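Peer 1: From first to last, the protein sequence lines are chains A and B.
Position one of the first sequence corresponds to residue 0 (numbering that gives the first Met the number 0), numbered consecutively onward.
Position one of the second sequence corresponds to residue 0 (numbering that gives the first Met the number 0), numbered consecutively onward.
To be clear, the hints were calculated from the coordinates, so they are not data collected in a lab.
A hint or two may mislead.
[Stated by the list, open to error] Label-pair ranges, simulated between beta-carbon atoms:
#, chain 1, residue 1, chain 2, residue 2, range
1, B, D209, A, G286, 56 to 62 Å
2, B, D324, A, R84, 42 to 48 Å
3, B, V1, A, S254, 26 to 32 Å
4, B, L275, A, S254, 37 to 43 Å
5, B, Q278, A, R20, 36 to 42 Å
6, B, G71, A, Q63, 40 to 46 Å
7, B, R12, A, D242, 35 to 41 Å
8, A, R404, B, T69, 57 to 63 Å
9, B, R279, A, R15, 31 to 37 Å
10, B, M281, A, L283, 48 to 54 Å
11, A, R404, B, A314, 45 to 51 Å
12, B, N228, A, H121, 51 to 57 Å
13, B, K65, A, G375, 29 to 35 Å
14, A, G377, B, M141, 36 to 42 Å
[Unchecked claim] Covered by chain B, per the in silico footprint, the following chain A stretches (three or more residues, Cβ under 8 Å):
#, region
15, 25–37
16, 78–87
17, 116–126
18, 272–282
19, 325–333
[Unchecked claim] Among chain A residues calculated to face chain B with C-beta under 10 Å, some are:
#, residue
20, L186
21, G200
22, D288
All values derive from a computational prediction rather than experimental measurement.
Just so you know, even glycine gets a beta-carbon here, dropped at the ideal spot from N, CA and C.
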Amino acid sequence: MNRTIIASMVRLRILRVLRDRSSLIWLLLMPMFFSLLMGWIMGGTGSGGSPGSAPRFMVFDQDQGPAADSLLEPLLDNERFRIVRVDSTLSDSEAQEQVARQNHTAVLLIPLGYTAGVKAGHEVELRLFYDSDRLSSQTINTLLDRSVLRVNTIAAARQLAAEGLAPEAALPRDRARSFDAEAFEDLWSNPRLTLAASTLGRIEEDDWVLTNIRQHVGPAYVLFFVMMFLMMSAKELVAARQDRTLARLVISRASSLDLVLGFFLGGLAIGLVQSALLLLMNSLAFGLDYGNSPLGLVLVVLLFAGFSSGAAVLLGCLAKTGNQADGLGMALTMTMASLGGLWWPLEIVPEFMQKLGHSLPTGQAITVFHDMIGRGYGVAELSDLFVGLACWFIVALALGTWRLRKVVTT
Amino acid sequence: MVIASLVRKDLKRIVGDRRALIVNLVLPLLLTTIMGLSFGGGLTGSSGISAIPIAMVAVDMPQMMKERLTEGLQESDFFTVTWADSSTADAMVRAGQVAAAVVLPEDLTANLIDGKDISVAVWKDPGSPFKSGIVQEILTRMIVRYQAGEAAYNALWPEDRAGMGTDTEDGFLAEDYFAGDFNEVWKRFRNADNDPVLQEAGDRFMTVMDHQVALSDALSVEQIKLTVNDKAPAGQAAESGDVNLFDYFLPSFAVFFLMFAVAAGARDIHRERKQLTLQRQMLSPMTSVDFIVAKWISAALQGMLQLALLFAAGAILFKVNLGPDPYSLAVVIVLTSTAAAGVFILMAVLTPTEKIMDNLSTVVILISAMVGGNFVPVDQMNALLKNAGQFVFNYWANLSFNEVVVQDHGLSEALLPLLILASVSLTLFVINVAVFSVRARRGGLA
Numbered sequence: 000m001n002r003t004i005i006a007s008m009v010r011l012r013i014l015r016v017l018r019d020r021s022s023l024i025w026l027l028l029m030p031m032f033f034s035l036l037m038g039w040i041m042g043g044t045g046s047g048g049s050p051g052s053a054p055r056f057m058v059f060d061q062d063q064g065p066a067a068d069s070l071l072e073p074l075l076d077n078e079r080f081r082i083v084r085v086d087s088t089l090s091d092s093e094a095q096e097q098v099a100r101q102n103h104t105a106v107l108l109i110p111l112g113y114t115a116g117v118k119a120g121h122e123v124e125l126r127l128f129y130d131s132d133r134l135s136s137q138t139i140n141t142l143l144d145r146s147v148l149r150v151n152t153i154a155a156a157r158q159l160a161a162e163g164l165a166p167e168a169a170l171p172r173d174r175a176r177s178f179d180a181e182a183f184e185d186l187w188s189n190p191r192l193t194l195a196a197s198t199l200g201r202i203e204e205d206d207w208v209l210t211n212i213r214q215h216v217g218p219a220y221v222l223f224f225v226m227m228f229l230m231m232s233a234k235e236l237v238a239a240r241q242d243r244t245l246a247r248l249v250i251s252r253a254s255s256l257d258l259v260l261g262f263f264l265g266g267l268a269i270g271l272v273q274s275a276l277l278l279l280m281n282s283l284a285f286g287l288d289y290g291n292s293p294l295g296l297v298l299v300v301l302l303f304a305g306f307s308s309g310a311a312v313l314l315g316c317l318a319k320t321g322n323q324a325d326g327l328g329m330a331l332t333m334t335m336a337s338l339g340g341l342w343w344p345l346e347i348v349p350e351f352m353q354k355l356g357h358s359l360p361t362g363q364a365i366t367v368f369h370d371m372i373g374r375g376y377g378v379a380e381l382s383d384l385f386v387g388l389a390c391w392f393i394v395a396l397a398l399g400t401w402r403l404r405k406v407v408t409t
Numbered sequence: 000m001v002i003a004s005l006v007r008k009d010l011k012r013i014v015g016d017r018r019a020l021i022v023n024l025v026l027p028l029l030l031t032t033i034m035g036l037s038f039g040g041g042l043t044g045s046s047g048i049s050a051i052p053i054a055m056v057a058v059d060m061p062q063m064m065k066e067r068l069t070e071g072l073q074e075s076d077f078f079t080v081t082w083a084d085s086s087t088a089d090a091m092v093r094a095g096q097v098a099a100a101v102v103l104p105e106d107l108t109a110n111l112i113d114g115k116d117i118s119v120a121v122w123k124d125p126g127s128p129f130k131s132g133i134v135q136e137i138l139t140r141m142i143v144r145y146q147a148g149e150a151a152y153n154a155l156w157p158e159d160r161a162g163m164g165t166d167t168e169d170g171f172l173a174e175d176y177f178a179g180d181f182n183e184v185w186k187r188f189r190n191a192d193n194d195p196v197l198q199e200a201g202d203r204f205m206t207v208m209d210h211q212v213a214l215s216d217a218l219s220v221e222q223i224k225l226t227v228n229d230k231a232p233a234g235q236a237a238e239s240g241d242v243n244l245f246d247y248f249l250p251s252f253a254v255f256f257l258m259f260a261v262a263a264g265a266r267d268i269h270r271e272r273k274q275l276t277l278q279r280q281m282l283s284p285m286t287s288v289d290f291i292v293a294k295w296i297s298a299a300l301q302g303m304l305q306l307a308l309l310f311a312a313g314a315i316l317f318k319v320n321l322g323p324d325p326y327s328l329a330v331v332i333v334l335t336s337t338a339a340a341g342v343f344i345l346m347a348v349l350t351p352t353e354k355i356m357d358n359l360s361t362v363v364i365l366i367s368a369m370v371g372g373n374f375v376p377v378d379q380m381n382a383l384l385k386n387a388g389q390f391v392f393n394y395w396a397n398l399s400f401n402e403v404v405v406q407d408h409g410l411s412e413a414l415l416p417l418l419i420l421a422s423v424s425l426t427l428f429v430i431n432v433a434v435f436s437v438r439a440r441r442g443g444l445a
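Just need the whole structure built from these sequences, with the hints factored in.
Peer 2: Right under this line is the structure:
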């Protein structure tokens, strides 16, 4: 093994990347930009904001009566949205369009005579147009549903106190002596039965979401761009084959093992530098926190970059032209990224797709990140995933070595 | 004639490029398949998200009730239930074996009867925030309804609450009488002739049941009906069984990869310059306008061919809808391809080298794809991004395909995006011809 040749190949590879400004765009800028934009699109970059910037909940209230005031009271002063109440109305299709265009996060139509209808015990219809993809809109739906439930329950209870059930459904003891509104409000505000939700893990916050830039998108795009950059660099090996650089290196007493190690370690070094910089930038820019296991972090980055570099050597040996290497590299990266859960969390796909995803290096690496960040796992708990990643790494490197030796000797 | 020869030459070269074939045809179909399998059944017929595994903790719940609850929860195929003690449930959640654990407190039945405060806990797995969120949402809705019912009951019949304690003045101990399964409780109350305390408890129980049923009946009539309309994302208005998710995914990926294909076609201008074939052609009787028009036609034809093949394959493999008539989809394909050709030919004309063009076009494609709705549907993006999306041609192309393929609408419904695509195509064509001619006249192509 000629260490000088290997070191020179690695140094040359790194220098070429560093000197090429366009590769720096792909190495660092695009991954960061993607992380930021995808986190933003998927809605995990933050909440609320200032009340002035909160999305509008438009209430077209033709009634303007006390029953409408009472209905909307639980929705006042919510940090996720602000109520804008007007006394006009609009058609269903216009309301739908306003929400679809995101002019308003939700639209509620309160008809004329709502208060009178509630007082008289008549049936009244409210129409809510909302966007289930927006947190603010979901909150409005939940709060309004609760508020309507309260009004309906009071109406039903008053009915029982006043008249009991309708004759056709009557029971011997269905009528109450009275309805104690104060007692109702007291128990409604301070219910006996409550739900306490908590996330069990390292970060025990209730708004844990994998689409958050701090929790999924950041690490996912680090892995995606490391793999993409290394796979796309397979064309350099194709170029070295085609312009006879490999043959010249062999004449200069470089063994096939030297060449494999030179190409592999060069890719690995770039992958490690790229991963380290991206993880650091994610940490500084978005407060990404990688858990309690530095060793686990180093291991996952090392094994994933190793796999990607080994696969790039294999691809560089198999592709006939640089363009073919580019196309295959992009195809493989995108397929593995989508199947392995780098584009969307694996928990939302069917079980057989989850199994497939978890068997791929992309799925194993992102699961390591999730478990380190979310569960606080270390190397021992993640040993199965590390073994899986190591297998992929060994197989990719072994196949790459075999193919490169064959290329060199023929 | 000259233009036709140039176009023929370019198309021959494109068809012979294996990389282009992989990237532009196989990859969109592959990714569409993956998306279909991931989000909507697709080829195997198994649909979307799998049943949510949950752990239930209920120390004092009778076995029969547990079985009933398990049957009820599993019947919907929404949940798979495992009963466990709290420490096992905690470990299962932390290990990700279940998405959530629902922990009912000890002495639940006694506390319910007794009027004591009760807190139901839901422990969520950090690795399954989506599924555990569903569990929390369902529980919240159930509990709010219970809260409303209980508040109403107590406001109507406060005397019942006072009489339902576990240790009342008449010596009724609820936990003794409600011990065991349903059959045992029933037999105990049926054989209560010689036990005045039990008889009294039985009467009270009947009263409470009458009140409960009356309230339940009363609550089943909603005075205020809240009709909730979701934003109707594309296709959701249809019955869920009628929705073919491939109708969404295929056009998105097709437009995404169309951009790569057309950019590659446009890059040919640089290749011809580098190999000096462009300069040689400029020495022939052919004009610079002939050359740039031929390149524009080649790039547009390449895009049309690719989109046509992808939709044909999509129709055969995934039953993708090809629109309400034979020409709507064709018009969208033509205008999308001409707009794409205009964008990337302009980029090729303005960039000094192939490498810069290569990097710039990839950056532009990825950013356009993100803001234009190829990765995330336009209707799911926030307003700012949606506004930004209106400045990229693929946003309008995606809207047009959505109208024709997803909504099965004709050209009249897709008029606005199609007009914008047509304007973009025409404007960029004129700019391309003008810029290239000026550069050729000034010797800027050398």
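Peer 1: Indicate, hint by hint, whether the structure satisfies it.
Peer 2: Cross-check of the supplied hints:
{"no.": "1", "hint": "D209(B) with G286(A): 56 to 62 Å", "result": "holds, 58 Å"}
{"no.": "2", "hint": "D324(B) with R84(A): 42 to 48 Å", "result": "holds, 45 Å"}
{"no.": "3", "hint": "V1(B) with S254(A): 26 to 32 Å", "result": "violated, 55 Å"}
{"no.": "4", "hint": "L275(B) with S254(A): 37 to 43 Å", "result": "holds, 41 Å"}
{"no.": "5", "hint": "Q278(B) with R20(A): 36 to 42 Å", "result": "violated, 28 Å"}
{"no.": "6", "hint": "G71(B) with Q63(A): 40 to 46 Å", "result": "holds, 44 Å"}
{"no.": "7", "hint": "R12(B) with D242(A): 35 to 41 Å", "result": "violated, 23 Å"}
{"no.": "8", "hint": "R404(A) with T69(B): 57 to 63 Å", "result": "holds, 59 Å"}
{"no.": "9", "hint": "R279(B) with R15(A): 31 to 37 Å", "result": "holds, 33 Å"}
{"no.": "10", "hint": "M281(B) with L283(A): 48 to 54 Å", "result": "holds, 52 Å"}
{"no.": "11", "hint": "R404(A) with A314(B): 45 to 51 Å", "result": "holds, 46 Å"}
{"no.": "12", "hint": "N228(B) with H121(A): 51 to 57 Å", "result": "violated, 23 Å"}
{"no.": "13", "hint": "K65(B) with G375(A): 29 to 35 Å", "result": "holds, 32 Å"}
{"no.": "14", "hint": "G377(A) with M141(B): 36 to 42 Å", "result": "holds, 38 Å"}
{"no.": "15", "hint": "25–37", "result": "holds (count 6)"}
{"no.": "16", "hint": "78–87", "result": "violated (count 0)"}
{"no.": "17", "hint": "116–126", "result": "holds (count 8)"}
{"no.": "18", "hint": "272–282", "result": "violated (count 0)"}
{"no.": "19", "hint": "325–333", "result": "holds (count 6)"}
{"no.": "20", "hint": "L186", "result": "holds, 4 Å"}
{"no.": "21", "hint": "G200", "result": "holds, 4 Å"}
{"no.": "22", "hint": "D288", "result": "violated, 13 Å"}
Violated hints, in rising order: 3, 5, 7, 12, 16, 18 and 22; the structure is consistent with all others.
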